Structures are given as structure tokens and as C-alpha cells.
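Engineer: Listed below, chain by chain, are the residues.
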Amino acid sequence: MTAEIATAVVTDEEKTARELEAEAQRPSGPAAAVILASGIGALVLGLLTTLAEASTSIHDWLQFYDRVGPLSGKTIVAGAVFFAAWGALTVLWRRSNPPLRTVTIAAVALIVLGLIGTFPIFFQAFTSE
Amino acid sequence: MSLTNRETWTLVHGLIIGTLFLLAFAGGLAGLWSLQRGLVTTVGIRERMARLKIGTTVMALMAWATVLTGTWVVYPWYREGLAGDELAGCAGLQAPTDACSPRDFLLSNVSGSTEDWHKFGMEWKEHIAWISPMLATVAMFLVLYYRGGLSRNRTVRLITIGFFVAAFAVAGIAGLFGALITKAAPVH
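Protein chains in written order, with my numbering: chain A, 1 to 129; chain B, 1 to 188.
Rather than coming from a laboratory, the hints here were simulated on the basis of the structure. Only true hints are included.
Just a sample of chain B residues kept apart from chain A, beta carbon distances all over 10 Å, derived:
#: 1; residue: Met1
#: 2; residue: Ser2
#: 3; residue: Ile16
#: 4; residue: Gly38
#: 5; residue: Arg48
#: 6; residue: Leu61
#: 7; residue: Thr69
#: 8; residue: Gly89
#: 9; residue: Ala99
#: 10; residue: Thr182
Partner residues aside, some chain B positions facing chain A, computed with beta carbon under 7 Å:
#: 11; residue: Pro76
#: 12; residue: Leu142
#: 13; residue: Arg147
#: 14; residue: Ile159
Owing to the predicted nature of the structure, the values given are computational and were not obtained by experimental measurement. Glycine included, every Cβ here is placed at the ideal spot set by N, Cα and C.
So that you can see chain A by itself, here it is in the shape it has in the complex (with noise of 0.2 Å):
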């Protein structure tokens, strides 16, 4: 009996490590796709904070709602982007298996870029009189 329930529970965790296995190689596309829309956005984001410092007519543009200033179409452009940029590389990308390491240093980067676009000093260097 022990010997039973000794031999059931061995089937059972080596099933459970097949499942890990299998969940650790799924194709790596749906992954990337959101790892880059991040990037995406986050570029977006520092690239309109800036261009609206730098122009009056895109920061007169971007204000869709005016008791939140152009920061309401700053961040409902680059939360729309992030989200377009992430299903539409989803559907791309769905059954491929991108190289993970490569996408996710491309979207650090683009990260980067944007927090340097949303960095005061840097942006207000572009104040347009």
C-alpha cells in the first residue's frame, strides 16, 4: 500500500515536471510582443512630452480634455499605442519564436529613450518661447 501511494506520488510530480517543461518552451512571440509594445510606449510617451515642449500647436493638440492640460492626450496616445503596438506584434508574432534576449534589449532602450523624454531638465531644454 505504501509502496502504492509512494509510486503514485512519483507519477505525479514527474508529470508535473513535464508540464513546467512544456510551459517553459512555449513560443516566445505572444512574450515579446508585450515586452516590446513597452518599449513602444514608453518612447511615445518621452517623444510627446518633449514635442509638446518644443511646439505649441501639438501641445494645443494633445489637450483632449482641458482641466488635465496636454497631459491627457499624451497619456491616453501612448496607452493607445501600447495596447495597438501589443496586439498587433501578438498577431505577428503568435506562433514565432523571436529571440526574447534581442527583443528585450530593444525595449530597454526604447524604454530608456522615453524616461529621457519625460525627464524635466531634458524637455524643458526644448521650451518653444
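Dock chain B against the given chain A, drawing on the hints supplied.
Structural biologist: Frame of chain A; chain B shown alone:
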């Protein structure tokens, strides 16, 4: 002892959602870090995945909730122009009032040198905060997609931890400036 409607929303935005975000981060990071083949049995991995999924999902949802309430509820009260072009409505004040919004108050320098709290602190916070939910969403998706497989794929696990920590760090900058700006010029 009472809170105004604006103070209540500020509390929800900064403290209540922020606390849930912090709790979810602490639990999620511990779970992600220990999700290694040598540290946990296969059955143990299955057992802790439910908590990890909840932790990363709650953190992502709280990050979105924080920026949405901050931008669309609290920020308009902070930035409304009440004091006039020359900020005359703030003259002689020690704190923002109905005639001098927190932004007006900080820019007026009537209570010391405060304008950089807006020109640097608020300008940085209001923008950088929006990057956090995107990064937290990446970490959440990777956990939901790879599930226990994260314990067998070191690269993906480290990428997940990287995005998870980056989301927290970015939110930390925004949260720190939020607390300091609220101390200098609270929304009433």
C-alpha cells in the same frame, strides 16, 4: 476629524492603492526570486503559482488605477488656475486655498522657494508614472503566459523580475515626489 472629497480621493490615489501596490510588489518579488528548480519542488512550484499570478496581476491593476485616478481625478484639482496670471491670489498664504491651487501656490514662491516642486518634481512625476503600468503589465503577462515554466526558463524569469522591479522603481519616483509635493502644497 473629517476628510473633504478631494482629500479622500488623494488618499485613495496615494495611500490605499499605493499600499496595495507595495504589498503586491513585495509578495510578487519574493515569489519570482525563489521560483527556481533547485529551491522548490515541482509540487511547490504549482502551489506558489496562484499567489504569484495574483501578486503580479494586482500590482499591474493597481499601477493602472494609480495613474488613472492621479491624472483624471486628483491632477485637475492640483493644476487649476485660480490665482490669476500674476498669482496674486496666493499673496501672503502659507498653504493653497480656494483662491490659490497647489500649482499656483508652488509657482508663486510665497512660502519660500517652492517653484521647483512643480517645475521639476510634478513635471517629472506626472509623466514618468505612466511608464510603470506598462512595465507591470509586461511582468504580469509573462507570469500568466509562462506560469510554472518560469522555474525552468532562467532567461524569462530574469526578464520578468527586471520588468517587475523597473515598474516598482518608476512608481517609487512618482510616489516619492507625490508625497513630497503633497506635503508642500496639499490638495484640499
